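For the record, the sequence lines run as chains A and B. Okay, so the first sequence: first residue is 1 according to our numbering, each after it adds one. Okay, so the second sequence: first residue is 1 according to our numbering, each after it adds one.
Any given hint could be a false lead.
[As the list claims (entries may be wrong)] Some residues of chain B that are not near chain A, with every Cβ distance over 10 Å (derived): (1) Q9; (2) I99; (3) P187; (4) R241.
[Said to hold, decoys possible] Quick list of simulated restraints, FRET-style, between CB atoms: (5) A/R129 to B/N92: 34 to 44 Å; (6) A/R105 to B/L7: 51 to 61 Å; (7) A/T213 to B/N92: 45 to 55 Å; (8) A/R129 to B/L167: 26 to 36 Å.
Rather than coming from a laboratory, the hints here were simulated on the basis of the structure. All values derive from a computational prediction rather than experimental measurement. We put the CB at the ideal spot given by N, CA and C, even for glycine.
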Amino acid sequence: MMLEMKGVSASYDAVQAIRDVSLEVNEGEIVCLIGANGAGKSTTLKVISGLLRPNAGEVIFEGKQIQKTKPEEIVRLGISHVPEGRRVLPGLTVRENLELGASVRKGLSKADLNKEIEHQYELFPDLGRLRNALGWTLSGGQQQMLGIARGLMARPKMLMMDEPSLGLAPIIVKQVLETTKRISKEFGTTVLLVEQNASMALSISNRGYVMETGRITMSGTSKELLSNPQVNEAYLGGRSRKLKG
Amino acid sequence: MSGLAILGQNVFSGIAIGGVYALLALGIALIYRSTNVTNFAQGDITMLGAYALYILLEQLGLPYPIAFLLAIVVMGIFGWLFQRFVYYPLRNRSFLPVIIATIGAGILFQNVALVVFGSIPRKVNPVFASGGFTVGGVYFDLQYIVILVVTAALFVFQYLFFEHTSLGKKMQATAQDKTMAQLLGIPVALMIAFTFIYSTILGAIGGMLVAPIYFVTNRMGSTLGLKAFAACICGGFGDVRGALIGGIAIGLIEALGAAYIAPVYKDAFPFLLLLVFLLVRPQGIFGEKVSEKA
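All chains should be modelled from the sequences, with the hints used to inform the complete structure.
Right, dumping it as structure tokens:
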């Protein structure tokens, strides 16, 4: 098992954000975490990447407890967190953003770095075209691509993506998804995906967890979840479809 | 002296002194960018830099280059201590406690300097003993030329370092988005410490450059610091180009105002410019109106 959370609770000051969360991610899997806004999905990722220290529970990555490890060390262990809202560095160019993505990798030669950046340009052609553009000038979709490409530059064992579809046009969402799948295959990268867009997330993942008000309420293979009537009603627009029909 | 020579003279000295304001302003801007906090002790750090040079050069009798470099090293260490004890303990608080802490630190530095050096102004010799030369009626003081050369060199260094080195880019990333910098594995606390060290050195160099022009006193930093602060606002707070242009603008208006309007109000003109900017263009020359980017 690559990542395991056991009974993790975390809060922002006095506000409890997640309670007793347990989940598992196996090597090579795409696992999604779905649920409504404010359900605790992003908080879960923040706990894993070390941005938020849990009050209780354990986070175990490749057999090692990491719930007290600093974020800058967790990246070095092989977890790359592409946070919500893309967080492209606005005053640096596309290329500089990508270079910084690889800054955790000691002993990466300049030639290899260039080769890998070129490879990202192949995966995301827009980034190649805009390599010298400053981060803030990119469109939402381009920023999302850059966020993911930058996350990959760390050559993570596990890539965590927070709401990659947020604010993107459906066609771009499709692109981002296809790229995610390709990445998982090509690099053998394990992916933990957080999404409000449940049907989209379940369509590319192997397994999923459903979160509600800080707890995990359901889990299963993506197929099971897709056909689960409760999930269908709450997250896949089942009821509204019925009403329309 | 012809009218043109008088103008030339004042423009020359205005730009040179403006260069010192620009160095201090750059220090304030860099700290502001990486921590969102204004360091009000920057002026008093300048004063300490001047005293450091005074001790090494005048009291210990070291040669100028060695005294200068040693003072930079000492002030760099001081910059680390400053961030460790003034900024670091308050880093997770809002900006206000930190700003108050920097004001308090400035007052402390002034008074410690008073205890150690007394209230008698100290004199520091200029870099070159020969004084200067005259071209077209304008007297070019060598110390002013040193100021111009050092300021230009430091701004070129600033550009090369921040735009073309990996460490510089990491420091930029830290200034732009601390959380993201952490997620990229950048040691944010260390980058901020570097920023304080560098900014302290910039302020101290400013103090060492003006030490031979003004006398060194424990109060010399307060006006210098306030003018550098005014330079930051006029140029656009947190902007590197703004620090340079703002500093030179403040230096020029001070020299020209004193020459053509009234010398007694020499120290008032920079703040007049500041007021004009606050009324007409509060974001400064290069500043953008503050807004959250989606």
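So, going through the hints one by one against the coordinates:
1. Q9: It holds; B/Q9 is separated from chain A by about 39 Å at its closest Cβ, greater than 10 Å.
2. I99: With a cut-off of 10 Å, B/I99 remains clear of chain A, as the shortest Cβ separation is near 23 Å.
3. P187: Violated: least Cβ distance 6 Å, not greater than 10 Å.
4. R241: Given that every Cβ of chain A is farther than 10 Å from that of B/R241, nearest at about 13 Å, it holds.
5. A/R129 to B/N92: 34 to 44 Å: Roughly 41 Å apart at Cβ, these two residues keep to the hinted range, so it holds.
6. A/R105 to B/L7: 51 to 61 Å: Since the Cβ atoms of A/R105 and B/L7 sit about 57 Å apart, the hinted range of 51 to 61 Å holds.
7. A/T213 to B/N92: 45 to 55 Å: With a Cβ separation near 28 Å, A/T213 and B/N92 fall outside 45 to 55 Å, so the hint is violated.
8. A/R129 to B/L167: 26 to 36 Å: 29 Å, holds
Against the hints set out earlier in the document, violations occur for numbers 3, 7.
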